[in-house]
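Peer 1: Below are the chains, spelled out letter by letter.
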Amino acid sequence: MNLLEVQDLDLAYQTHRGTVQALQGVQLCVRPGEVIGLVGESGCGKTSLARAITGVMPRNARITRGELRWQGVDLLKLTEARHRERRWREFAFVPQSAMNALNPVHRVGQQIAEVLTQRGGLGASAARARVEALFDQVGIDPQRARDYPHQFSGGMRQRISIAMALALQPKLVIADEPVTALDVIVQRQILDLILGLQKSLQLSMIMVTHDVSVVAYVCDSVVVMYAGQVVETGSAAEVLDAPLHPYTMGLTRAFPDLQQGIEQLRPIEGSPPDLLTPPTGCRFAERCPFAQDACRAASPPLRSVAGGARSVACWRSDEAAVLRAQWLAEPA
Amino acid sequence: MTANPDPGAGLLRRLFRLTGRDPFALAGIVIYVVFALTAIFADVIVSHDPLEILFLPDGKVASNQSPGGVYWLGTTSLGRDVFSQLVYGARSALMVGLSAALMVVVVGTLVGLFSGYYGGWVDAVLMRLGDVALSIPFLPFIIVLAAFLKPNIWNVVIGVSALLWPNTGRIVRSQVLTLRERSYVEAARVSGASHLRILFTHIAPNVLPISFLYGSIVVGWAIFTEASVSFLGFGPSDSVSWGFMLQDAFLSQALSRGAYYWFVPSGLCIMLVVAAGFFISRGYEELLFPKLRD
Chain A
708 MNLLEVQDLD LAYQTHRGTV QALQGVQLCV RPGEVIGLVG ESGCGKTSLA
758 RAITGVMPRN ARITRGELRW QGVDLLKLTE ARHRERRWRE FAFVPQSAMN
808 ALNPVHRVGQ QIAEVLTQRG GLGASAARAR VEALFDQVGI DPQRARDYPH
858 QFSGGMRQRI SIAMALALQP KLVIADEPVT ALDVIVQRQI LDLILGLQKS
908 LQLSMIMVTH DVSVVAYVCD SVVVMYAGQV VETGSAAEVL DAPLHPYTMG
958 LTRAFPDLQQ GIEQLRPIEG SPPDLLTPPT GCRFAERCPF AQDACRAASP
1008 PLRSVAGGAR SVACWRSDEA AVLRAQWLAE PA
Chain B
778 MTANPDPGAG LLRRLFRLTG RDPFALAGIV IYVVFALTAI FADVIVSHDP
828 LEILFLPDGK VASNQSPGGV YWLGTTSLGR DVFSQLVYGA RSALMVGLSA
878 ALMVVVVGTL VGLFSGYYGG WVDAVLMRLG DVALSIPFLP FIIVLAAFLK
928 PNIWNVVIGV SALLWPNTGR IVRSQVLTLR ERSYVEAARV SGASHLRILF
978 THIAPNVLPI SFLYGSIVVG WAIFTEASVS FLGFGPSDSV SWGFMLQDAF
1028 LSQALSRGAY YWFVPSGLCI MLVVAAGFFI SRGYEELLFP KLRD
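Chains as they are written, first to last, in my numbering: chain A, 708 to 1039; chain B, 778 to 1071.
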């Protein structure tokens, strides 16, 4: 059975200017032991989706449609109290940016112990022992549990947030941009740590990121989001190697590659549409070099392709191979 | 990867270094310590009951005695010992100052926390209440309060705290507004912490330093207010305070008789305590916001 199934999820934010449709018809499936990369540029709904799964959303957010099935149980139909029981015990969360992820006024060990005693039912000494074990697991001297967050470097703080997420042995860890604020060497160390823990603990993970190289390095499969919709899914290797959606083609080309020259680099022009008034047709049409009249007329559904292994929401996905060649050839 | 051996020692050392660099703060602390010791050991220090009418050996009332001898600072026109009054005055001054500060810190911090965290109508009601309190003229309110209630020391404390909590409340609220958006608060919510738990274990410790800063300012204000109210004759009738001494001296025309020993010491004490409070607040502020120095 799938650990988590998100079906047809719609999420809207009520703002002063009107309703912002932040997620529309989102589909996502997490199998046990799978690492999923959730990619897309800023404001495309990655964090909204991650928050919807944890059930902790801003006050003006409303889920208007869809299901969030956790091991067959629809989380959206649970009372707040029953939902709360599952939080952190079954799915935990590594927040964005290591700098703000820890409370500056409490010792780090104490912050993890709080979760263990309040939510895990451990006694004080058992919690202390568990904190030491967790510190060991993420590669930090257990002696330092008595230190305050400001005494650690960014990478170490990120390790501590990971330790905190693992405290109650969850099945799924949702990591929101876990390495974005770090330099590349530390990024690599953290990613290796995450991968190692994921393998040894048989964790499922959802890794929210905008960095395609992170996805390539860590993820089994990838879900590409654009303007609140899922536009392409599939195994990480296939999607990055031979993207079917023009947006994914753009993403994979928008990052420099050490082996290739920068002439291979091509940004996607423009910015995502205003979700207060989303376009009627394909939401990417405005920025898509291959858009046709049909694209602007109607929104393409997410269709399964390649025998169900992948899916894509593009009217021209059948011509993907030709479009890829054109994307590379076209001068910037 | 070395563990900090003892963070407590670090704080003490930092405090010491700061006071070395900021002689005003050091002076403020010394003044406060002296007054605090005086207040605590008042019963041991005084030579006479402050309100007892004293008599000379020849049976006459010991009025208007010059300083020296048994009456270190002389006596009042009714034959009361000025030094003993001064010592007991320290006790009521510190009691007023510290309890008003405590009340302002508690009320202001709670209001700020709830207002900033919950927002919406809670915020609107509490903050408008604060606006009302701030719009009331300070001294007249205390005097009216003293007229309606019994003029005792606690009514002054209540009056001062009732009008000064909004300053602390507003500052705390603005801090909470930024703190509640921090990742660690979000993480606490995801981990299933209740609102009250988030408010009191995750947010409150972050705002306490600034509440204490505002509390330290209130100490001086409260002492000053109590002195003013007493000087105007609306003060507590059941205890001796510096303001009461000034009023007593004023009504007995001590100035025209040149009895400086009667009113100068109490005036000086009020000035010293209020100034010391200000110096300490300033040093503390610098400790909290080191960037302000330049």
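It should be emphasised that the hints constitute simulated quantities derived from the structure, not laboratory data. Glycine included, every Cβ here is placed at the ideal spot set by N, Cα and C. The reader is advised that the hints may include incorrect statements.
Every beta carbon over 10 Å from chain A, so not counted as near; a handful from chain B, in silico [to be verified]:
#	residue
1	K837
2	V838
3	S876
4	L879
5	I913
6	I935
7	E963
8	V967
9	G969
10	A970
11	R1034
Simulated pairs of lysine to any residue, SDA-like, Cα-Cα distance not exceeding 20 Å [as the list claims (entries may be wrong)]:
#	chain 1	residue 1	chain 2	residue 2
12	B	K1068	A	L875
13	B	K1068	A	G740
14	A	K906	A	G740
Peer 1: Compare the structure with each hint and give your call.
Peer 2: Here is how each hint holds up against the structure:
Every CB of chain A is more than 10 Å from the CB of K837 (chain B) (nearest about 65 Å), matching its label as outside the interface. The beta carbon of V838 (chain B) sits about 60 Å from the closest Cβ of chain A, which is more than 10 Å, so the claim that it is off the interface holds. Residue-level check passed: S876 (chain B) sits 26 Å from the nearest beta carbon of chain A, beyond 10 Å. For L879 (chain B), the condition that its CB be more than 10 Å from all CB atoms of chain A holds, with the nearest at approximately 21 Å.
For I913 (chain B), the requirement that its beta carbon stay farther than 10 Å from each beta carbon of chain A is met, with the minimum near 34 Å. Listed as a non-interface residue, I935 (chain B) keeps its Cβ farther than 10 Å from every Cβ of chain A; the least gap is roughly 31 Å. Taking the minimum C-beta to C-beta distance to chain A, about 6 Å, the non-interface status of E963 (chain B) is violated against the 10 Å cut. A Cβ of chain A approaches the Cβ of V967 (chain B) within 10 Å, the least distance being about 4 Å, so the stated non-interface status is violated.
For G969 (chain B), the requirement that its beta carbon stay farther than 10 Å from each beta carbon of chain A is not met, with the minimum near 4 Å. A beta-carbon of chain A is positioned within 10 Å of the beta-carbon of A970 (chain B); the least distance is around 7 Å. The non-interface label for R1034 (chain B) is consistent with chain A: the shortest C-beta to C-beta separation is roughly 58 Å, beyond 10 Å. Among the hinted pairs, K1068 (chain B) with L875 (chain A) is inconsistent with the structure: their alpha-carbon atoms are about 40 Å apart, more than 20 Å.
Annotation: proposed proximity of K1068 (chain B) to G740 (chain A) is violated, straight-line Cα distance about 48 Å (limit 20 Å). A distance of roughly 8 Å separates the Cα atoms of K906 (chain A) and G740 (chain A); the hinted pair therefore holds under the 20 Å criterion.
The structure fails to meet hints 7, 8, 9, 10, 12, 13 from the earlier list, while all remaining hints are met.
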